[in-house]
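Participant: Given these sequences and hints, build the entire structure.
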Amino acid sequence: IMVPTHGRMAMLGSNPIACSMPAEPYPFFFDASTTVVTRGKLEIYNKAGKPLPEGWALDKDGQSSTDAPGVLQNIVEKNGGGIMPLGGSNEISGSHKGYGYGMLCEIFTSILSLGMTSNHTMQGTKSGICHGFAAVDPALFGDPSEIKDHLSKFLQELRDSPKAEEGERVYTHGEKEIAAKATMMEKGIPVNENTMLEILDLCDYLEMDFPAYFGDYCPGKKTGGFEGNY
-17 IMVPTHGRMA
-7 MLGSNPIACS
3 MPAEPYPFFF
13 DASTTVVTRG
23 KLEIYNKAGK
33 PLPEGWALDK
43 DGQSSTDAPG
53 VLQNIVEKNG
63 GGIMPLGGSN
73 EISGSHKGYG
83 YGMLCEIFTS
93 ILSLGMTSNH
103 TMQGTKSGIC
113 HGFAAVDPAL
123 FGDPSEIKDH
133 LSKFLQELRD
143 SPKAEEGERV
153 YTHGEKEIAA
163 KATMMEKGIP
173 VNENTMLEIL
183 DLCDYLEMDF
193 PAYFGDYCPG
203 KKTGGFEGNY
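Numbering-wise, the sequence shown is residues -17 to 212 according to my numbering.
For the record, the hints were derived by calculation from the structure and aren't laboratory data. Everything numeric in this text was worked out from a predicted model, so none of it was measured. Idealized CB from N, CA, C, for every residue including glycine. Errors might be hidden in some of the hints.
Said to hold, decoys possible - Have a look at the derived ranges for each label pair, beta carbon to beta carbon: (1) His(-12) / Ala194: 27 to 37 Å; (2) Asp43 / Ile171: 36 to 46 Å; (3) Tyr195 / Leu140: 34 to 44 Å; (4) His(-12) / Glu128: 40 to 50 Å; (5) Phe136 / His102: 39 to 49 Å.
As the list claims (entries may be wrong) - Only pairs whose alpha carbons sit at most 27 Å apart, straight line, appear in this in silico DSS-like list of lysine-lysine: (6) Lys145 / Lys130; (7) Lys79 / Lys42; (8) Lys130 / Lys23; (9) Lys163 / Lys145; (10) Lys108 / Lys135; (11) Lys29 / Lys108; (12) Lys79 / Lys60; (13) Lys158 / Lys32; (14) Lys32 / Lys130; (15) Lys23 / Lys163; (16) Lys108 / Lys130; (17) Lys158 / Lys29; (18) Lys79 / Lys158; (19) Lys169 / Lys158; (20) Lys169 / Lys23; (21) Lys79 / Lys23; (22) Lys23 / Lys158; (23) Lys145 / Lys158; (24) Lys29 / Lys163; (25) Lys42 / Lys60; (26) Lys60 / Lys108; (27) Lys60 / Lys32; (28) Lys29 / Lys60; (29) Lys169 / Lys29; (30) Lys23 / Lys60; (31) Lys130 / Lys163; (32) Lys169 / Lys32; (33) Lys32 / Lys42; (34) Lys42 / Lys108; (35) Lys135 / Lys158; (36) Lys42 / Lys23; (37) Lys42 / Lys29; (38) Lys145 / Lys135.
Facilitator: Shown next as structure tokens:
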């Protein structure tokens, strides 16, 4: 789904890079695509009937586009266009860096494994996505507890660092997600109407009893008013 810098055809995937390391009061969690956004974000805007923000996607001619359904259709049909790399569409804003990070992901997954690169992952109805994993033992570098304390101290210094005027405080990676999980465990997961319709249709297709799983949360099929938490 990623269009390389100066290109107009999607050639790479969203190619996420993730890293986690123990710390207190919570771990460092970083998990991000090397595209400006993931395809899922485009689908959310499409279902909500909203135009995409400028600087996310390109049309089949390699020009900026806010047309969510059009961009998604072009990706599926491989007509051209797709999502921009981190840094946008040109080198002035750092597009080549996001493109390069995406290539690092390709090298450590599909290239080293002799697997299919992102532009060849779909073969008919089958996909062949490659992955790469690595684990590093902190004890190879020193005392694990001291290393954990060292990271914990630095993360806290980041959180305590001065914030911009009228801005939020500084967060560390994974902090917002941990807070969001706690909120959703208490209040439920927000689901928009079109997504709920898809879930209901899928339940019908699989002959699943929706109320048996969701109880009082079950809305009438295709009656509207699904916006809310489930």
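Participant: Indicate, hint by hint, whether the structure satisfies it.
Facilitator: Right, here's what the structure says about each hint:
1. His(-12) / Ala194: 27 to 37 Å: violated (53 Å)
2. Asp43 / Ile171: 36 to 46 Å: Holds - the Cβ-Cβ distance for aspartate 43 and isoleucine 171, about 38 Å, lies within 36 to 46 Å.
3. Tyr195 / Leu140: 34 to 44 Å: holds (41 Å)
4. His(-12) / Glu128: 40 to 50 Å: holds (46 Å)
5. Phe136 / His102: 39 to 49 Å: For histidine 102 against phenylalanine 136, whose Cβ atoms are near 41 Å apart, the range 39 to 49 Å holds.
6. Lys145 / Lys130: holds (25 Å)
7. Lys79 / Lys42: holds (22 Å)
8. Lys130 / Lys23: violated (34 Å)
9. Lys163 / Lys145: At roughly 25 Å apart (the allowed maximum being 27 Å), lysine 145 and lysine 163 satisfy the hint.
10. Lys108 / Lys135: Violated - the C-alpha atoms of lysine 135 and lysine 108 are around 46 Å apart, more than 27 Å.
11. Lys29 / Lys108: Roughly 25 Å separates the two Cα atoms, so the pair holds.
12. Lys79 / Lys60: holds (24 Å)
13. Lys158 / Lys32: holds (25 Å)
14. Lys32 / Lys130: Answer violated: lysine 32 to lysine 130 is near 43 Å, above 27 Å.
15. Lys23 / Lys163: Cα-Cα ~19 Å, so holds.
16. Lys108 / Lys130: Status violated; Cα separation ~42 Å.
17. Lys158 / Lys29: Cα-Cα ~25 Å, so holds.
18. Lys79 / Lys158: holds (26 Å)
19. Lys169 / Lys158: holds (16 Å)
20. Lys169 / Lys23: holds (23 Å)
21. Lys79 / Lys23: holds (21 Å)
22. Lys23 / Lys158: Answer holds: lysine 23 to lysine 158 is near 18 Å, not above 27 Å.
23. Lys145 / Lys158: Answer holds: lysine 145 to lysine 158 is near 16 Å, not above 27 Å.
24. Lys29 / Lys163: With a Cα-Cα distance of about 23 Å, the restraint between lysine 29 and lysine 163 holds, given a limit of 27 Å.
25. Lys42 / Lys60: holds (9 Å)
26. Lys60 / Lys108: Roughly 16 Å between the alpha carbons, so the hint for lysine 60 and lysine 108 holds.
27. Lys60 / Lys32: Judged against 27 Å, a Cα distance of about 23 Å means the pair holds.
28. Lys29 / Lys60: holds (21 Å)
29. Lys169 / Lys29: The given pair, whose Cα atoms are some 23 Å apart, holds under the 27 Å limit.
30. Lys23 / Lys60: holds (19 Å)
31. Lys130 / Lys163: holds (24 Å)
32. Lys169 / Lys32: Holds, at roughly 26 Å.
33. Lys32 / Lys42: holds (20 Å)
34. Lys42 / Lys108: holds (24 Å)
35. Lys135 / Lys158: holds (18 Å)
36. Lys42 / Lys23: Holds: lysine 42 and lysine 23 sit about 19 Å apart, inside 27 Å.
37. Lys42 / Lys29: holds (21 Å)
38. Lys145 / Lys135: holds (18 Å)
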